[in-house]
Amino acid sequence: MLTVLLAIGILVLLSLIFGAILGYANVRFHVEGDPIVDQIDALLPQTQCGQCGHPGCRPYAEAIANGEAINHCPPGGQSTIQALADLLDVEAVPLDGDHGTESAKRVAVIREDECIGCTKCIQACPVDAILGAAKQMHTVIADECTGCDLCVEPCPVDCIDMVEIGVTAKTWSWDKPQGIAATSLDIIATDRQAEVAH
Amino acid sequence: MRTEKPQTAKVFSFHGGIHPPENKAQSLQLPLGKPSLPSELILPLGQHIGQSSRPLVKVGDKVLKGETIAINNGFLSSFLHAPTSGTITAIEERLIAHPSGLSDLCIVLTPDGNETWTDLEPLNNWQDISKTDVLAYLSEMGIVGMGGAGFPTQVKLQGAHKNPLTHFIINAAECEPYITADDMLIREKTLELVAGIEILQHLVEAENVIIGIEDNKPTAIAALKTVLTQRNSDIQLAVVPTKYPSGGEKQLIQLLTGKEVPSGQYPADIGVLCQNVGTCVAIHDAITQGKPLISRFTTLTGDALKSPQNVEVLFGTPVAHLLEYADYESKKLSRLIMGGPMMGYTLDSAAVPIVKTSNCILAASKKELPAPAPEQACIRCGMCEQACPASLLPQQLLWFSKSQEFEKAEHHNLFDCIECGACSYVCPSSIPLVQYYRHSKSSIREAREANVKADLAKQRFEARKARQDAEAAEKEAKRLARQKATTNKATDAKKAAPAKATPTAAAAPATNDESKKLKVDIAIGKSKLKKLQKQLLEAQENEHVEEISNLQLQVTDQEKAIAALEEQLAKTPSAAPAAPAANTEKATPAPVSDELKKAKVDVALIGVKLKKLQKQLVETPDDQELKDKIAAFEADLKAAQDIVSKLSSNAQSSTNATAAEPKAVMSDELKKLKIDAAIAKAAVKKVEKALKKAEEIKAPEADAIRQQLKEAQQRADELEKALANPETAAPKAAPEKAAPTAENTDAEAAKKRKIDLAIAKAGIKKAEKNIQLLKDQGKEESEIEASEWPKKLIEAQQKLAALEAEEGAPAPVEKTAEPVANSEAKAEPEMDLATQIKKEKVAVALAKAQINKLNKRLESTPEEAESIKQEIAATEQRLQSAEALLEKLIHSQTNMQENR
Ligand code: SF4
Ligand code: SF4
Ligand code: SF4
Ligand code: SF4
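Just so you know, the sequences run in chain order B and V.
Add 872 to the 1-based position in the first sequence for the numbering used here, that's all there is to it.
Add 170 to the 1-based position in the second sequence for the numbering used here, that's all there is to it.
It is worth saying that the hints were derived from the structure and are not from the lab.
It should be emphasised that the depicted structure is a prediction, and the values quoted were computed from it without experimental measurement.
Hints may be right or wrong, so weigh each one.
To be verified - Computed from the model, here is a short list of chain V residues facing chain B with C-beta under 10 Å:
| # | residue |
| --- | --- |
| 1 | I266 |
| 2 | A1015 |
| 3 | K1018 |
As the list claims (entries may be wrong) - Subject to a maximum C-alpha distance of 25 Å in a straight line, what follows is the list of computed DSS-like cross-link-like pairs (lysine-lysine):
| # | chain 1 | residue 1 | chain 2 | residue 2 |
| --- | --- | --- | --- | --- |
| 4 | B | K1042 | V | K623 |
| 5 | V | K611 | B | K1048 |
| 6 | B | K977 | V | K611 |
| 7 | B | K1007 | V | K623 |
| 8 | V | K1058 | B | K977 |
| 9 | V | K645 | B | K1007 |
| 10 | B | K1007 | V | K1058 |
| 11 | B | K1048 | V | K698 |
| 12 | V | K326 | B | K1042 |
| 13 | V | K635 | V | K194 |
| 14 | V | K1011 | B | K1007 |
| 15 | V | K332 | V | K301 |
| 16 | V | K194 | V | K536 |
| 17 | B | K1007 | V | K537 |
| 18 | V | K611 | V | K572 |
| 19 | V | K635 | V | K648 |
| 20 | B | K1048 | V | K572 |
| 21 | V | K611 | B | K1042 |
| 22 | V | K194 | V | K537 |
Positions of the beta carbon are idealized from the N, C-alpha and C atoms, including for glycine.
Input sequences plus hints: build the corresponding full structure.
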C-alpha cells in the first residue's frame, strides 16, 4: 500500500515539476507576432504599390495569411507567386490580371524644370524616396524608389515619368542556355575539336 | 632534390584538371612588340572590381602622361591615370570589354604624340614609412590585381593581415591555353619582378614566399633562377606540372601548400596571400620609379593574326588597333575573344579598349574554334566530376540550374565553382555547363540584391508609417484640445449668434410660435450662461481653482440645456438655417464687432472646458460619456471658431468698408466652400459610423475605414481652412496696400482647391475600388449597398463636380486681384511681376496638364464624352486667358526693363 502511495506521490510530484517547467518555457520562450505573416511578407517584393488592393505589402501578407489568393501582386510576378505557393503549400496560379500585369523594373523620374513644388508626390511616396520642399523643385532618389507608380497620379502638372531601369554592365546577368539541341556560341573550351584534330 | 636546392618548394596536387592543347608557342615567336599610339584611348571608369572611379578631369583638359584622371570612389575602388599626354575629348558611354557587350562611362583621351611624363615621385623611403602609407600610395598608383578580376591590390593586402601569413604565393602559372603574357613579362622584367616581390614581402611579412610556375615555361624559369641566385634571395621557386587550371588561385594554393581553402572563405582565412606577377612588377614600377599603372603585357594570338605576339600596350588602346598591328586577316577571323579560350568571352566589337585585366586577345579562325556541337542530354557519365578542380558535382549543379532550384545549387557549393570550364571541356554531351552556372550565379546574386532592396524599402515604409502614425496621433491630440476649446466657444457662440441673428431673421420671415418660444428659452439660457461665464472668467483671472471647476460644471450644464433647445429649434421647420443667418450678419455690419468679441470670449472659454474634460479623460480613459461630451464640445468649438473667423472677416471688411463687390464674390465662394465643408463633415460622420459598426463586428475592413476616416477628417479640416482663408483674402484684396498678400492667399486658395480636387478624385477612385473589391469578393448587391460605398462614391463625384466647377472661378478672381496689384502696388513691381509670371506659368502648365488628363479620360470613357468635352472647352478657355495674361505680363516686364 505504502509503495502504491509512494509511486502515486512521486508521479504527482514529477508531473507538477514538468508542468511548471513547461509553463515557464511557454512564457519564457514565447514567440512574438505572427511568424507566418512575417514569412509571407518576406517573400513580397516590398514595392508598397497597393496594386494588390491593400495599403502596402504587409497588409497583403496578412490577407494572404487569412486566405486571400496569392496571385494579386503584379510587381512580384510569377516568381513571387511560386515562392508563396511553396511556402504555403498551395498550387501556384497565374497572376490575376485584374490587379495589373508584371512589368519591367522602373523608377520614377521627375522632369525637374516642370515641377511646381506642390509636394503631392512626397505625400504619395510610400518609401520616402522623394526629396523636396514646398515650392521647390523635387527629385527622386533613384536608389530608394521602388517603382510603385503612386507618385505619378497626384502630380498636378504630370511631370513624373516612370523610366525603365536599363541593364548596365554592373547589373547585367548571363542568359540561361537554350537547352538540349541548341547550340550555344558561348560554350567554353571550344578548342576541344582542336585536340581531337591533334 | 629539395634538400639540394633550398629555393625549390615542395609541390602537392589538386583534384581534377584537364590537359587542353597549349597553343602557347605561336605568340612566343616574336619578341615583345610595342604598338604605336592609337588615335584615341578609351579609359573605362570601372576597370576593377568595386565602385567605378570618379573622373577628375573635364572635357578639354590637357593631361600629361601618368597624371591622375580619376580617383577612387569609396573603399573598394581605384585610381586611373592618363596612359599618355594629350587632351580629354569626351567623357561618355562607350562600348567596353564585357561579356554583356554593353557600354559604360569612359574617359576618352586623344594623344598629342609627345608622351610627356608628369613629375614622377617615387616612394624611395618605402622601407621606413608605415605600411599603411605604402598601401595608400599603391592605391593612388591605380594598382589592381592584373591576373583575375582586377581586385584593388591595397584592399587585398589589407585583408591579408587578418591572420598571420604562412605563405605568400606569386602566381606565375599561367595555365590557360594560348596566353603567354606572364611568361613574356617574367622573361623581360625578371629583376623588376623579384624586386616587386621583395617589396610585397616587406609589406606582408609572410613565412614563406613561393613563386608558382608551370613547367612549360623553361626560359622564364631559368631567368628567375638566375636572378634569385644572384640576389641570394630566400624566395622559393615551385615548378608545377602543366595542368589546367593550376593557375586558379585556390588550385595553386593547394598545389603549393597542400591546404584547401574552405568553401565560402578566402585564402587570407588560412593565412595565404596570392599575387599575380603582373601586379608585382606594377608595384615595383610604382614604388621605385613613381610610375602609375598605365600599361600592361597582353598576348595577341589566334590563327587570324599573321604575326601573333606579346605587346606592351597602353590601357585604353582599342582592340581594333592591336589587331591591325598584328596583321589580322579579316576573312579568317570568326570569333574575337577577350581572355583565353577557356575563361574568356566573345567580343561583339573590336572597338572596345584594353583594360587593366585584359591579358589576351584571341582572334580565332573558324577552324581553330569551330561552332560547338548542339547540347544533348546529360548521360551521367561522371566525367565532369572527375575534371572539376573544385571537387564539385557539375552534373548535379547542372540539374539544379536547369530546374532553377537555386537554393539546392547553393547547397552544392555552386559559388565555389571557378568557372574554369573544365567540366564543359570534357562533357561528351557538349553541355555548356559553365553557362548554366553563370546564369544561376547571376540569378542568385540578383535575387540577393532584390532582397536587400526589398528590406530597405520595407524599413523605409515602416519608418514612414510610424512617423505618420505619430503625426496623426499628435494631430488628433491637438484636434481634441481644439475641439474642447471650440465646444465651449460654440455653445457660447450659438448663444451669441442667434441672440443677435434671430431678431433680424425673425423679423423678416414669419416664424411659428413654437420656434419663438424656443428662441426665447434659448435667449434666457444664454444670458444665464453669459453670467456664469463672466463669473468664470473672473475666477480664472483670480485663479480661484475650486470656483472655476464649480462654475465650469454649471456652464456645461447650461450649455447642454441650450444645445438641447437649439436642437429643438433646428427641428422646427421654419427655423432659420445657419447660412442665411450668416448672410444677415453680413448685411448688418454694425453688431459685428460686438458679436466678434463675444464669440472670441466663447472660444476661449470652451477651450478651457475642453481642456478640463480631456484631463478627466486621461484619468478615466474608459468613460464613454466623457468621450461623447468631448466630441460634442469639439463640434461646438469648431462651429464657434467658424463664427469667429467669419465675424472677424466681416469686421475687417466692414471697417475697411470700401468695396461692396468683393463681398458679393466672397459670399458666393464662401457658400460653395461651406457646402464642401458640410459634405466633408458629413462624410467624416458617416465614416465614423461605419468604423463603429466595423469595430463592433470586428470586421477586417476596420483598418481601411479608419484610414479613410483620417483622410475624411483631413479633407474637412482643409476645407475649413479654405473657408477661413478666402474670407480673409477677399477683404484684404480690396484695400490697396495689401495687394501682394492677396495674391499669395489667392494662390494658396487655388492650391487648396487643387488639393481638394485631387483628394476628391482619390476618394472616387477609392470608393470605386472598394466597390469593385466587394464585388470581387462575391458580395451581394444589397451588401454592397449596405457598405455605403456607393453612396460615398456618388457624394464624392458630386463634390468633384462642384470643385471642378469652382476651379474655373478662381481665375477671374485672380485676375481682378492682379490688375489691382499691378496698378497700385508699385513698391516692388518687378518682383511682383516675376512672381506673377511664375504663377501664370504654373497656371498654364496646370491647365495644359488638365487638358491632357481630360483627353486621356475622353479616350477611356467615351460615354462621358459630352461632359468631358465641355470641361475641356472650359479648361482651354482658361488656358487661353492664362496664356494671354502671361504674355501681357512678360510684355510689361520687358517694357519695364527697357525703360530702365
Ligand atoms: S501589389 Fe504592391 S503593395 Fe501589394 S504586395 Fe505586391 S508590391 Fe506589395
Ligand atoms: S507632384 Fe509633381 S509638381 Fe508636385 S512636387 Fe511632385 S513632381 Fe513637383
Ligand atoms: S567550371 Fe566549375 S564545375 Fe566546372 S569544372 Fe570548373 S570549377 Fe568545376
Ligand atoms: S560530363 Fe556531361 S554528360 Fe557526363 S555527367 Fe557531366 S554533364 Fe553529364
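Taking the hints in turn, this is what the structure says about them:
A hinted interface residue such as I266/V counts as satisfied when its beta carbon comes closer than 10 Å to some beta carbon of chain B; here the least separation is about 6 Å, so the hint holds. Interface hint at A1015/V: satisfied, since its Cβ lies 5 Å from the closest Cβ of chain B, which is below the 10 Å cut-off. Interface restraint check: K1018/V against chain B, minimum CB-CB distance 8 Å, threshold 10 Å, status holds. The straight-line distance between the Cα atoms of K1042/B and K623/V is roughly 16 Å, inside the 25 Å bound, and the hint therefore holds.
Restraint check for K611/V and K1048/B: satisfied, since their Cα atoms lie roughly 11 Å apart, inside the 25 Å limit. For the proposed pair K977/B and K611/V, the alpha carbon gap of about 20 Å is at most 25 Å, so the pair holds. At most 25 Å may separate the alpha-carbon atoms for a hinted pair to count; K1007/B and K623/V exceed this at roughly 30 Å. For the proposed pair K1058/V and K977/B, the alpha carbon gap of about 45 Å is over 25 Å, so the pair is violated.
The straight-line distance between the Cα atoms of K645/V and K1007/B is roughly 24 Å, inside the 25 Å bound, and the hint therefore holds. Only pairs whose Cα atoms come within 25 Å are accepted, and K1007/B paired with K1058/V is accepted, the gap being roughly 24 Å. Between K1048/B and K698/V the alpha-carbon distance is near 88 Å, which puts this suggested pair outside the 25 Å criterion. Of the supplied pair hints, the one linking K326/V and K1042/B holds, its CA atoms being roughly 21 Å apart against a limit of 25 Å.
Taking the CA atoms of K635/V and K194/V, the gap is near 64 Å; set against the 25 Å cutoff, the hint is violated. Note on K1011/V and K1007/B: the hinted pairing holds, with a Cα-Cα distance of about 13 Å set against a maximum of 25 Å. Taking the CA atoms of K332/V and K301/V, the gap is about 15 Å. The hint holds against a cut of 25 Å. With a C-alpha separation of about 18 Å, the suggested pairing of K194/V with K536/V holds against the 25 Å cut-off.
Distance restraint check for K1007/B and K537/V: the Cα-Cα separation of roughly 68 Å exceeds the 25 Å cut-off, and the hinted pair is therefore not satisfied. The straight-line distance between the Cα atoms of K611/V and K572/V is roughly 12 Å, inside the 25 Å bound, and the hint therefore holds. A distance of roughly 20 Å separates the Cα atoms of K635/V and K648/V; the hinted pair therefore holds under the 25 Å criterion. Distance check on the hinted pair: K1048/B and K572/V sit about 8 Å apart at the alpha-carbon level, within 25 Å; holds.
The straight-line distance between the Cα atoms of K611/V and K1042/B is roughly 14 Å, inside the 25 Å bound, and the hint therefore holds. Only pairs whose Cα atoms come within 25 Å are accepted, and K194/V paired with K537/V is accepted, the gap being roughly 17 Å.
Figure legend: structure checked against the earlier numbered hints; hints not met, in rising order: 7, 8, 11, 13 and 17.
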